[in-house]
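Q: These are the residues of each chain, in order.
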Amino acid sequence: MPKPNDYAILFDASRCIGCKSCQVACKQWNDLPAEQTQNRGSYANPLKLSGATWLKMNFWEGLKPDGDPYFDFTRGSCMHCTHAPCVASCPTGAMAHREGGVVTVDQSACIGCRSCVQACPYDAVHFDEAKGVVSKCTLCYDRISNGDQPACVKACPTDALTFGRYQEIRAVAEERVRVLKERGYPRATVYGLNELGGTHVIYVLTEHPSAYHLPVALKEAEKRAGTGWLSAGIAAAILGAGLKFIVERREALKGGEK
Amino acid sequence: MIHVNMPNPIGGEHWGFWIALYFFLAGAGGGAYLLSVLYASESLRRVRQAAMMAFLAVVLGSGLLVLDLGQPLRFLNLFLSGFYPSSVMWTGSWFLLLAGAALLWVFLRPASRAAQLSAALLVALVVSYTAVLLMATAKPFWNATPLLPWLFLASAATSGAALLQLLEPNERLKRVLVAMAFVELGVLLLHLLWAYPQAAASVMALLAGPLAWAFWGFLVLGWALPIWLERRTHLAAAVLTLFGAFLLRYFIVFAGQV
Numbered sequence: 001m002p003k004p005n006d007y008a009i010l011f012d013a014s015r016c017i018g019c020k021s022c023q024v025a026c027k028q029w030n031d032l033p034a035e036q037t038q039n040r041g042s043y044a045n046p047l048k049l050s051g052a053t054w055l056k057m058n059f060w061e062g063l064k065p066d067g068d069p070y071f072d073f074t075r076g077s078c079m080h081c082t083h084a085p086c087v088a089s090c091p092t093g094a095m096a097h098r099e100g101g102v103v104t105v106d107q108s109a110c111i112g113c114r115s116c117v118q119a120c121p122y123d124a125v126h127f128d129e130a131k132g133v134v135s136k137c138t139l140c141y142d143r144i145s146n147g148d149q150p151a152c153v154k155a156c157p158t159d160a161l162t163f164g165r166y167q168e169i170r171a172v173a174e175e176r177v178r179v180l181k182e183r184g185y186p187r188a189t190v191y192g193l194n195e196l197g198g199t200h201v202i203y204v205l206t207e208h209p210s211a212y213h214l215p216v217a218l219k220e221a222e223k224r225a226g227t228g229w230l231s232a233g234i235a236a237a238i239l240g241a242g243l244k245f246i247v248e249r250r251e252a253l254k255g256g257e258k
Numbered sequence: 001m002i003h004v005n006m007p008n009p010i011g012g013e014h015w016g017f018w019i020a021l022y023f024f025l026a027g028a029g030g031g032a033y034l035l036s037v038l039y040a041s042e043s044l045r046r047v048r049q050a051a052m053m054a055f056l057a058v059v060l061g062s063g064l065l066v067l068d069l070g071q072p073l074r075f076l077n078l079f080l081s082g083f084y085p086s087s088v089m090w091t092g093s094w095f096l097l098l099a100g101a102a103l104l105w106v107f108l109r110p111a112s113r114a115a116q117l118s119a120a121l122l123v124a125l126v127v128s129y130t131a132v133l134l135m136a137t138a139k140p141f142w143n144a145t146p147l148l149p150w151l152f153l154a155s156a157a158t159s160g161a162a163l164l165q166l167l168e169p170n171e172r173l174k175r176v177l178v179a180m181a182f183v184e185l186g187v188l189l190l191h192l193l194w195a196y197p198q199a200a201a202s203v204m205a206l207l208a209g210p211l212a213w214a215f216w217g218f219l220v221l222g223w224a225l226p227i228w229l230e231r232r233t234h235l236a237a238a239v240l241t242l243f244g245a246f247l248l249r250y251f252i253v254f255a256g257q258v
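Heads up: the sequence lines are chains F and S, in that order. Mapping of the first sequence onto my numbering: residues 1 to 258, in sequence order. Mapping of the second sequence onto my numbering: residues 1 to 258, in sequence order.
Derived by calculation from the structure, the hints in this document are not laboratory data. Please read all numbers here as calculations on a predicted model, not as lab measurements. Note that beta-carbon positions come from the ideal geometry of N, C-alpha and C, so glycine has one too. Any given hint might turn out to be false.
[What the hints assert, rightly or not] Some chain S residues close to chain F (C-beta under 10 Å, calculated; not the full set):
| hint | residue |
| --- | --- |
| 1 | 77 |
| 2 | 81 |
| 3 | 97 |
| 4 | 98 |
| 5 | 235 |
| 6 | 236 |
| 7 | 239 |
| 8 | 258 |
[Claimed, not checked] From chain F, some residues computed to sit far from chain S (all C-beta separations above 12 Å):
| hint | residue |
| --- | --- |
| 9 | 15 |
| 10 | 118 |
| 11 | 129 |
| 12 | 208 |
| 13 | 221 |
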């Protein structure tokens with residue numbers, strides 16, 4: 001669990017209007033270049049996060065079973081996990097938790113092995129070809145450590161994004177879900193409380209997280225590696241014994257027949 | 001690093017051709033050494049030859065890994081930054097370094113049983129960590145089953161046997177190669193079946209998509225043909241088996257990133 005006093009961002013999908021102010025503010029504050037994009041029939045643009053895009057809004061549009069249209073938005077960026085797979089998989093300590101639970105990468109120590117890129121279940125860490133290192137959302141550590149809000153939060157015109165201490169932010173989220181349930185959103189829920197030890201960015205959603213392709217029941221990278229080592233040990237023992245049998249025992253059997 | 005253009009319209013992969021080539025080298029060289037210790041420890045000449053092959057494979061493979069980094073000159077950070085056992089990239093780097101040293105020791109003092117066995121343990125760890133590295137990521141095709149270490153170890157046995165066949169063909173190697181080829185295929189098919197519900201896109205890319213050339217190429221040219229040829233010409237069978245082992249690593253590495 002994040003500590004009560006950790007930094008946290010709440011994204012309240014029920015208040016978001018999909019204006020992408022946050023997406024633009026992120027680019028401006030972090031001095032990230034524009035990307036060539038393409039219209040794919042959705043407002044979601046660009047298609048994926050990248051070394052130059054640390055935050056992008058996802059758009060979910062279609063018809064509900066009863067025929068009513070829906071047009072929902074979710075925030076795509078680093079979730080600043082408590083048991084962050086990117087941190088666990090980093091071989092040099094470049095990717096690490098800073099004060100307040102924020103996950104950032106020290107680009108002067110990063111060797112560009114991309115372990116973290118492969119490990120992130122939110123696809124939030126990306127390789128910067130030009131610099132040869134990875135980059136990601138810093139939760140605007142330069143701003144928040146100076147008492148300011150993250151750029152995305154500051155730019156949000158509808159209070160869909162709020163920033164504060166984890167304990168307060170979580171209480172706001174849980175209260176909001178209670179209200180939403182009363183107002184006819186029975187599936188309203190808080191996302192990020194259980195994922196990877198609790199994330200420092202949490203969502204209020206009106207539908208189940210899977211409706212927005214958000215990963216649930218995530219396994220920590222350490223556990224995945226543990227399973228891997230265990231399986232490798234068993235495999236080495238069994239295959240080794242099998243090989244020994246093929247090489248020696250069959251030889252002996254043949255010898256016996258002769 | 002030079003971008004190798006092989007028929008792979010996937011694009012955007014973070015670990016590509018050079019990583020697959022390294023996996024293959026570590027597997028084939030390591031497999032050859034393990035087999036030589038297992039079945040021919042009485043022949044010091046053979047153990048010594050295999051240790052040199054494995055050493056060269058490890059050195060060449062490590063070179064590829066370093067060049068593939070975004071910041072190749074910072075590779076020393078892997079060894080100097082600290083203790084990160086949760087990172088498979090970190091543990092693997094140490095195994096590689098130590099296995100290289102142990103193999104050199106075997107080459108210089110082939111009669112030392114301590115050298116032989118410590119090198120064998122480290123080489124087995126090098127061969128398996130490549131699979132654990134993939135399993136510890138967020139990619140469903142790699143982490144949905146615990147079978148990748150089995151696949152990589154079995155493939156190390158077939159390709160290692162093929163390498164030794166090139167030196168001096170014999171009956172036992174032939175049996176090892178054929179038996180392990182069947183284990184390898186069984187594990188591969190089980191993995192595809194088991195991973196399918198979570199990684200349908202990857203499995204389809206292998207069976208009938210952009211990676212089908214590598215998958216079917218492995219099955220026909222790198223698996224079925226060498227088994228058929230094994231009775232007729234050792235040399236062609238060994239070369240094709242090695243080619244197949246490379247294709248196997250190639251499509252496993254790429255399919256995870258579809």
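Q: Confirm or reject each hint.
A: Tested hints:
Evaluation of the residue 77(S) hint against chain F yields a held restraint, the C-beta minimum of about 4 Å falling below 10 Å. At its closest, the beta carbon of residue 81(S) sits 4 Å from a beta carbon of chain F; the interface hint therefore holds under the 10 Å criterion. Interface restraint check for residue 97(S): the shortest CB-CB distance to chain F comes to about 12 Å, outside 10 Å, so the restraint is violated. Nearest Cβ of chain F to the Cβ of residue 98(S): about 15 Å, over the 10 Å cut. The hint is violated.
Restraint check, residue 235(S) versus chain F: the minimum CB separation of about 22 Å is more than 10 Å; hint violated. Annotation: interface hint on residue 236(S) violated; nearest CB of chain F at approximately 23 Å, more than 10 Å. A least Cβ separation of about 22 Å between residue 239(S) and chain F goes past the 10 Å threshold, and the interface hint is therefore violated. At a threshold of 10 Å, the smallest CB-CB gap from residue 258(S) to chain F is about 13 Å, leaving the interface hint violated.
Annotated as non-interface, residue 15(F) keeps its C-beta farther than 12 Å from every C-beta of chain S; the closest such distance is 29 Å. With a least beta-carbon separation of about 4 Å from chain S, residue 118(F) fails to lie farther than 12 Å from that chain, contradicting its non-interface assignment. Remark: the non-interface label on residue 129(F) conflicts with the geometry, its nearest Cβ contact in chain S lying 8 Å away (cut-off 12 Å). Even its closest Cβ contact with chain S, about 18 Å, leaves residue 208(F) beyond 12 Å, as expected for a residue assigned away from the interface.
Listed as outside the interface, residue 221(F) is inconsistent with that label: its C-beta sits roughly 5 Å from the nearest C-beta of chain S, within the 12 Å cut-off.
Comparing the model with each numbered hint stated earlier shows that hints 3, 4, 5, 6, 7, 8, 10, 11, 13 do not hold.
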